[in-house]
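Below, each chain spelled out in residue letters.
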Amino acid sequence: EPEVTQTPSHQVTQMGQEVILRCVPISNHLYFYWYRQILGQKVEFLVSFYNNEISEKSEIFDDQFSVERPDGSNFTLKIRSTKLEDSAMYFCASRLLAGGINEQFFGPGTRLTVL
Amino acid sequence: AQSVTQPDIHITVSEGASLELRCNYSYGATPYLFWYVQSPGQGLQLLLKYFSGDTLVQGIKGFEAEFKRSQSSFNLRKPSVHWSDAAEYFCAVGSPSQAGTALIFGKGTTLSVSS
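Respectively, the protein sequence lines represent chains A and B. The first sequence begins at 567 in this note's numbering and counts up by one. The second sequence begins at -16 in this note's numbering and counts up by one.
Bound-form chain A, shown alone (with noise of 0.2 Å):
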């Protein structure tokens, strides 16, 4: 069965530091997406990606964040200058069409750790 991975699965990195998290999504899938979730909190919608471009971006995704499709298989999340605060689980999904009605598949997640 089609599934979204991601690697790593577990990423430690020292503030200040850039950070690229990758997913591969369903490869017939148009929509992909980041969520992430702090420890403790709720799972929070990140960003949107169709087409080549964002979709839909949330107030978390500032400039520190940037998303790309670089080879049509890869779908990856920078996080620029790393923060404390960014530290949490990150999740990708993707979504096979654009309207209608279908879900959204996720992958099992990068942790993401900042010292």
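Be careful, since some hints might not be right.
For the chain A half of the interface with chain B, some residues (derived, Cβ under 10 Å), not all of them [to be verified]:
(1) 603
(2) 612
(3) 631
(4) 671
Source of the hints: derived by calculation from the structure; they are not laboratory data. Keep in mind the model is a prediction, meaning the values are calculated, not measured. C-beta: ideal position from N, C-alpha, C; glycine also.
Got chain A; can you put chain B on it based on the hints?
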């Protein structure tokens, strides 16, 4: 404001007993409704979804949920819990009118199963 409330942070149920996890939402219109489950080290797996029609929906692993418009609720139930059901459960809502819209999640309920 749009929100999802899962009032129970942690529930412990005996194996074989019935289960009900509560979910209430605040939304401008009737949203699409989802329950996801997350086992340790795994991604968010869709248990079931409600878009329209019959308000009692069946999902995977023997779960069901009932949409009650008057109560803005979408409670998850299972008649007989198995030890493998121990996991974190998330209720989520999505817009029925905007394609590709992000999901809004509740904080989750951790289910423990005792023998």
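Right, here's what the structure says about each hint:
1. Hint on residue 603 (chain A) holds. Least Cβ distance to chain B is approximately 8 Å, under the 10 Å limit.
2. Given hint, residue 612 (chain A) at the interface with chain B, holds; its Cβ is 8 Å from that chain's nearest Cβ, closer than 10 Å.
3. With 10 Å as the threshold, the beta carbon of residue 631 (chain A) stays out of range of chain B, its nearest partner Cβ sitting at about 15 Å, so the hint is violated.
4. With its C-beta approaching chain B no nearer than about 7 Å, residue 671 (chain A) sits inside the 10 Å limit, and its interface hint holds.
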